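Residue numbers (my numbering), protein chains in the order written: chain A, 1 to 368; chain B, 1001 to 1284.
Hints were generated in silico from the structure; no laboratory data involved.
Here the structure is a predicted model, which means the values were calculated and not measured.
C-beta: ideal position from N, C-alpha, C; glycine also.
Fair warning: there could be bad hints in the mix.
As the list claims (entries may be wrong) - Computed Cβ-Cβ distance ranges for the label pairs, DEER-style:
{"id": "1", "chain 1": "A", "residue 1": "D142", "chain 2": "B", "residue 2": "G1115", "range": "24 to 34 Å"}
{"id": "2", "chain 1": "A", "residue 1": "I55", "chain 2": "B", "residue 2": "K1227", "range": "51 to 61 Å"}
{"id": "3", "chain 1": "A", "residue 1": "G16", "chain 2": "B", "residue 2": "K1223", "range": "43 to 53 Å"}
{"id": "4", "chain 1": "A", "residue 1": "E70", "chain 2": "B", "residue 2": "K1222", "range": "32 to 42 Å"}
{"id": "5", "chain 1": "A", "residue 1": "G16", "chain 2": "B", "residue 2": "A1058", "range": "35 to 45 Å"}
{"id": "6", "chain 1": "B", "residue 1": "G1168", "chain 2": "A", "residue 2": "A341", "range": "37 to 47 Å"}
{"id": "7", "chain 1": "B", "residue 1": "R1166", "chain 2": "A", "residue 2": "D142", "range": "54 to 64 Å"}
{"id": "8", "chain 1": "B", "residue 1": "K1223", "chain 2": "A", "residue 2": "S215", "range": "19 to 29 Å"}
{"id": "9", "chain 1": "B", "residue 1": "G1115", "chain 2": "A", "residue 2": "K128", "range": "33 to 43 Å"}
{"id": "10", "chain 1": "B", "residue 1": "G1115", "chain 2": "A", "residue 2": "E147", "range": "52 to 62 Å"}
{"id": "11", "chain 1": "B", "residue 1": "E1219", "chain 2": "A", "residue 2": "D35", "range": "24 to 34 Å"}
{"id": "12", "chain 1": "A", "residue 1": "A341", "chain 2": "B", "residue 2": "R1166", "range": "16 to 26 Å"}
To be verified - Computed cross-link-like contacts, EDC-like style, restricted to lysine to aspartate or glutamate with a CA-CA straight-line distance of at most 20 Å:
{"id": "13", "chain 1": "B", "residue 1": "K1114", "chain 2": "A", "residue 2": "D135"}
{"id": "14", "chain 1": "B", "residue 1": "K1242", "chain 2": "A", "residue 2": "E126"}
{"id": "15", "chain 1": "A", "residue 1": "K175", "chain 2": "B", "residue 2": "D1079"}
{"id": "16", "chain 1": "B", "residue 1": "K1078", "chain 2": "A", "residue 2": "E120"}
{"id": "17", "chain 1": "B", "residue 1": "K1253", "chain 2": "A", "residue 2": "E220"}
{"id": "18", "chain 1": "B", "residue 1": "K1242", "chain 2": "A", "residue 2": "E174"}
{"id": "19", "chain 1": "B", "residue 1": "K1253", "chain 2": "A", "residue 2": "E349"}
{"id": "20", "chain 1": "B", "residue 1": "K1253", "chain 2": "A", "residue 2": "E126"}
{"id": "21", "chain 1": "A", "residue 1": "K221", "chain 2": "B", "residue 2": "E1252"}
{"id": "22", "chain 1": "B", "residue 1": "K1242", "chain 2": "A", "residue 2": "D135"}
{"id": "23", "chain 1": "A", "residue 1": "K263", "chain 2": "B", "residue 2": "E1259"}
{"id": "24", "chain 1": "B", "residue 1": "K1253", "chain 2": "A", "residue 2": "E174"}
{"id": "25", "chain 1": "B", "residue 1": "K1253", "chain 2": "A", "residue 2": "E227"}
{"id": "26", "chain 1": "A", "residue 1": "K263", "chain 2": "B", "residue 2": "D1274"}
{"id": "27", "chain 1": "B", "residue 1": "K1242", "chain 2": "A", "residue 2": "D218"}
Claimed, not checked - Derived contacts from chain B toward chain A, CB cut-off under 7 Å, selection only:
{"id": "28", "residue": "F1101"}
{"id": "29", "residue": "M1105"}
{"id": "30", "residue": "S1153"}
{"id": "31", "residue": "G1168"}
{"id": "32", "residue": "P1181"}
{"id": "33", "residue": "Y1220"}
{"id": "34", "residue": "R1236"}
{"id": "35", "residue": "P1240"}
{"id": "36", "residue": "K1242"}
{"id": "37", "residue": "H1246"}
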Amino acid sequence: MNLYEYMGKEIFRKYGIPVPDGYVVESASGVKKFDKPVVIKSQILLGGRGKSGGIKFAKSQADLDSGVKELLGSKIRNLTVSKVLVEEMLDIKKEIYVSIALNRAERVPMVIASSSGGVEIESVPEDKIFKTLVDPLIGYSDYIGREATNFLKLEPAIAAQFRAILSNLYRVFEKEDCELVEINPLVITGSGKLVAADAKVVMDSDSMFRHKEISIVDTEKTPLELEAQGKGYSFVELDGNIGVIANGAGLTMATLDALTLHKGKPRNFLDLGGTDNVDTVVNAFELVMKADPKAILVNIFGGVTKCDTVANGIVAAKDRLKISKPIVVRLSGVHEDEGRAILKNDGIEAFSTMLPAIERVAQIAGGN
Amino acid sequence: MSVLVDKNTRVIVQGITGHQGSFHAGEMIKFGTKVVAGVSPGKGGSKFQSLDVYDTVAEAMKLSPNATMISVPAPYVKDAAFEAIDHGIKIVYILTEHVPFHDTMEIVHQARRKGITLIGPNGPGITSPFLCKIGIMPNQIFKEGDVAVASRSGTLTYEIVEAITRNGFGESTVIGLGGDPVVGLTFIDVLKMFEEDEKTKKIVLVGEIGGNNEERAAEYIKKHVSKKVVAYITGRSAPPGKRMGHAGAIIEKGVGTAESKIKAFNSAGVKVADYPWDIPGLLR
Chain A
1 MNLYEYMGKE
11 IFRKYGIPVP
21 DGYVVESASG
31 VKKFDKPVVI
41 KSQILLGGRG
51 KSGGIKFAKS
61 QADLDSGVKE
71 LLGSKIRNLT
81 VSKVLVEEML
91 DIKKEIYVSI
101 ALNRAERVPM
111 VIASSSGGVE
121 IESVPEDKIF
131 KTLVDPLIGY
141 SDYIGREATN
151 FLKLEPAIAA
161 QFRAILSNLY
171 RVFEKEDCEL
181 VEINPLVITG
191 SGKLVAADAK
201 VVMDSDSMFR
211 HKEISIVDTE
221 KTPLELEAQG
231 KGYSFVELDG
241 NIGVIANGAG
251 LTMATLDALT
261 LHKGKPRNFL
271 DLGGTDNVDT
281 VVNAFELVMK
291 ADPKAILVNI
301 FGGVTKCDTV
311 ANGIVAAKDR
321 LKISKPIVVR
331 LSGVHEDEGR
341 AILKNDGIEA
351 FSTMLPAIER
361 VAQIAGGN
Chain B
1001 MSVLVDKNTR
1011 VIVQGITGHQ
1021 GSFHAGEMIK
1031 FGTKVVAGVS
1041 PGKGGSKFQS
1051 LDVYDTVAEA
1061 MKLSPNATMI
1071 SVPAPYVKDA
1081 AFEAIDHGIK
1091 IVYILTEHVP
1101 FHDTMEIVHQ
1111 ARRKGITLIG
1121 PNGPGITSPF
1131 LCKIGIMPNQ
1141 IFKEGDVAVA
1151 SRSGTLTYEI
1161 VEAITRNGFG
1171 ESTVIGLGGD
1181 PVVGLTFIDV
1191 LKMFEEDEKT
1201 KKIVLVGEIG
1211 GNNEERAAEY
1221 IKKHVSKKVV
1231 AYITGRSAPP
1241 GKRMGHAGAI
1251 IEKGVGTAES
1261 KIKAFNSAGV
1271 KVADYPWDIP
1281 GLLR
């Protein structure tokens, strides 16, 4: 879960990481009296805001007022700007980089630092990047900071500030359950201070039960994906025309892959999960029907999820939601014969293996 | 011979009085697993079928368990896992989904220090037909045989195991690694075990988008695996940046694509099936 820059900076402030003076504005009336040059930054969850016109500079009250007015309510790549962050303009002498991220392969936090900041770290040559793994049970030790500042060849006064920031950044990573905390750029100012000019904080969405103070709507999700999330389904919208309901993330992905290889175009990913409840099936259909597919494919490998329950759910959904679109079903596993009999009774096509079901639905949706 | 578990494996179930815990404990017993006790804090003194339920793992240790299935809500998983690890239970399997990965990182490293094998979280467990099943795989899909399967997914594993069985093969051991970004076992860990296991002649790896577990496995196969390995990778049609159901199934900054994994396997001489149902054909 991606946090807005201003939220990340609030957390940084709480943990003693220096950030520029600033305030959040949600309407033109929130603009304060101009007293020094400022940056006005759109609060949206996208990289490359500057290039998209989402950042403005103001050297007068008039610049500030007009800049805030222009940005608030504007659209940047489909996202509406509802908040801007007004911050003191920094006197930038140099930009460096520091982050802590999950290293999936080693299953540990990894500290990354570079004296090349302000650009994507992926574009920096490997030999200019400091990387070190941290044992999660031991946590951060000061030697890591010394190794980092040696590598970056920072002058002593700056190095001391860097080590304090890195140590605090690790606390943010650990205590706030982060996947990534990134300061890019970390600015060395003309007066020799280190300041976090940006803040990228990505929290683990599975940890939210211990971070109830954070409330954020995931803007990377579509309205239908958010609705599905609220109802407890894993759901991803895609741009095809075949609605898909399957059970298990792996099997659902495999269903989309097989459809695609057969020139079928999936409209969505929906993992029904393990359920033995008719209403869970009906509610899944309700979501998929909102995506207006041309046909629907249900692919179930029964275990905990019983095939006859799914069949009853499909019949109930067809009836309650008055579905006239073609439904093609594959049922295999626990109570599959009963399930297919229930569907046959209701005139719904049901197969026992994946391939004919995939071929059939791809043909229906591709035809006409 | 089998991998990690056999007929001497004695299993406790932490969270045996919960909905999932009780259902799957019952299925494991039907499969033939020696489930020896249950643990549910606050429910000590009650019974599950003929088994005693204890408040703590410490009390259950008198039954000499050497494996546990943890099926407790995500916020309590770390505590339950540490409890099992600290009592020296050799195999710790976590069924629970949505465990914060910071908790899992600590569990992984604590288990490693104590020489304990962690399976999961968020996977279907381990099955060696018909010696032992710890987890939630359906009982009826297995046949004893020489094919070992390791997978990052649940239902898709059943689909593939069922196809293997239907086509006249059988399984030595099936392990679900789990769908989270941080899990206890990697493909390399299980490849080592499958290579050493006398019963296993052929290996099936079921990977998916996200991370580079498969790419690393391909490098390992080139150097260290003599047995036939075939694979299936799911998520080749998944858009970048979207989590496809599993927390770990996401293509981030170009890392973790299906193409990269398929290419890596191909370069290691591992045939990759286009469809799950093509796996038995590749095993011939």
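K263 (chain A) and D1274 (chain B): Cα distance at most 20 Å? OK: K263 (chain A) and D1274 (chain B) at ~14 Å, within 20 Å.
Under the criterion that the straight-line Cα-Cα distance not exceed 20 Å, is the pair K1114 (chain B), D135 (chain A) satisfied? Status holds; Cα separation ~15 Å.
Against chain A, run the beta carbon of K1242 (chain B) and see if the smallest gap drops under 7 Å. Cβ of K1242 (chain B) sits 5 Å from chain A, so the hint holds.
Quick check on a hinted range of 32 to 42 Å for E70 (chain A) and K1222 (chain B), using CB atoms only. violated (57 Å)
When the least beta-carbon distance from F1101 (chain B) to chain A is tested against 7 Å, hint result: Holds, about 6 Å.
If you draw a straight line from the CA of K1253 (chain B) to the CA of E349 (chain A), is it 20 Å or shorter? Judged against 20 Å, a Cα distance of about 41 Å means the pair is violated.
Hinted pair K1253 (chain B) and E126 (chain A), Cα distance within 20 Å: holds (16 Å)
Holds or violated: K263 (chain A) with E1259 (chain B), Cα cutoff 20 Å? holds (18 Å)
Please check whether G1168 (chain B) passes as an interface residue: C-beta within 7 Å of a C-beta belonging to chain A. violated (16 Å)
Tell me if the straight-line CA distance from K1242 (chain B) to E174 (chain A) falls inside 20 Å. Outside the cut-off at roughly 24 Å; violated.
Do the numbers back the hint for P1240 (chain B), that is, is its least Cβ distance to chain A under 7 Å? violated (12 Å)
Using the beta carbons of A341 (chain A) and R1166 (chain B), state whether their distance is inside 16 to 26 Å or not. Given range 16 to 26 Å: holds, Cβ gap about 21 Å.
Consistency note: the structure conflicts with the earlier hints numbered 4, 6, 8, 10, 11, 14, 16, 18, 19, 22, 24, 25, 31, 33 and 35.
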